[in-house]
Amino acid sequence: MKKKDFNKTSKVSNKSTLEQHKVKKGLIQPPLNTIPNMIATSWHKDRLPEYLWLGLILIAYEDRTKGIETVGKILKGIVEINKELLRPRLSDIFTLDDDLQEKIYSMVCDIVNYEILSPLTVIYRDRNYNVFNKYFYDEKQTVRNKLQTLSDAIKIYYDHQSHESTDLRFCALSLMVFQRKMTITPAMDHIKDTFVNYPYTPHKEEIMKSYRPTIRSMEISDMMISPNRNFLLTSSLGHPKLFDISF
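Going by my numbering, the letters in the sequence shown line up with residues 158 to 404, in that order.
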C-alpha cells in the first residue's frame, strides 16, 4: 500500500487561482460550489460532503464488494481508536484531538493509498486542517485535478437514490453497527438480513429492491435525529448482543 513519505518536506500550496472562481450575485465562489446543477438539499449540502471521503474510497475499487469491505475495515479501525464516534462525518473527525486524528489517518493510510483522499485537501487547507494535510496532501496532484476528481465523485453520488449513493449511505450507517449502537432484535429480521447481505448482493438482484429503501430510510431517520448524537435502533425485547457483520 502506497503511504506518504513523512520524511519528505514540501510546502503545501493548495491555492486555486482567482480565474478558477466564479462570480455569482456579487459573491466570489470557489470552484467546488459552481459545479453545474448542484442544489442545496439535505443530502447534497449536508450529508454527502461529510461522507465524500468514504465515497472516494468506494469508487477507487472496480469491485463494489471490495470497496465496501475496505471501508468496513476503516470503520472497524475507527472503533478501535475512538468509542464515541457514531458517524464517519469529517466534521466530527476534525473536532477530535490531534493525537486521535493522527491515529485515524495513519490507520486509513495503512489500508488505502493516501492519494485517494488527497483531492479533499483542496477544500480542507493546511492552515486549518494541518493534521489532515500531513497525511493526505499530495503535491503531485494539481488543484485542477483535485477539483475534477471531486466533481466526478459528486456527480456519482449526487442522486440520493442511486445505487452508488445507497452504498455510501450503507457505509455511513455501518459505523453505528460496529460501535454497538444499533441493536437488531429478532423482530427486525429484515433489517438484519439487509445489513448482512447488502455488501454481497449485486444491485441487479430482485431482493435489492427491498434492501435499498431500507438503507435509505434508516439513513434519513438517523439524519433527522443526529443532532443529539444518540440515535439507537433498539427494542425493550432486544438482546444487547449485536449481530456480526462480516465485511
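Among the hints, a few may not be true.
[Said to hold, decoys possible] Restraint-style ranges between C-beta atoms, simulated for each label pair:
1. F251 <-> D220: 29 to 35 Å
2. K349 <-> R282: 19 to 25 Å
3. S367 <-> T222: 34 to 40 Å
4. M345 <-> D255: 35 to 41 Å
5. E363 <-> E259: 24 to 30 Å
6. K233 <-> T299: 20 to 26 Å
7. H320 <-> R282: 17 to 23 Å
In case anyone wonders, no lab produced these hints; they're calculated from the structure.
Note that this is a predicted model, so its numbers are computed, not measured.
Every residue, glycine too, gets a C-beta built ideally from N, C-alpha and C.
D220 and F251 - C-beta distance against the hinted 29 to 35 Å: 30 Å, holds
Satisfaction of the hinted span 20 to 26 Å by the C-beta atoms belonging to K233 and T299: This hint is violated: roughly 34 Å between Cβ atoms.
Whether the CB-CB distance between H320 and R282 falls inside 17 to 23 Å: At 33 Å between Cβs, range violated.
Assessment of proposed distance window 19 to 25 Å (beta carbons of K349, R282): 42 Å, violated
Verdict for M345, D255 (Cβ pair) under range 35 to 41 Å: Distance hint for M345, D255 holds at roughly 39 Å.
Cβ distance range 34 to 40 Å for S367 and T222, holds or violated: 19 Å, violated
Pairwise beta carbon distance, E363 to E259, judged against the given window 24 to 30 Å: 45 Å, violated
Violated hints, listed in ascending order, are 2, 3, 5, 6, 7; each of the other numbered hints is respected by the structure.
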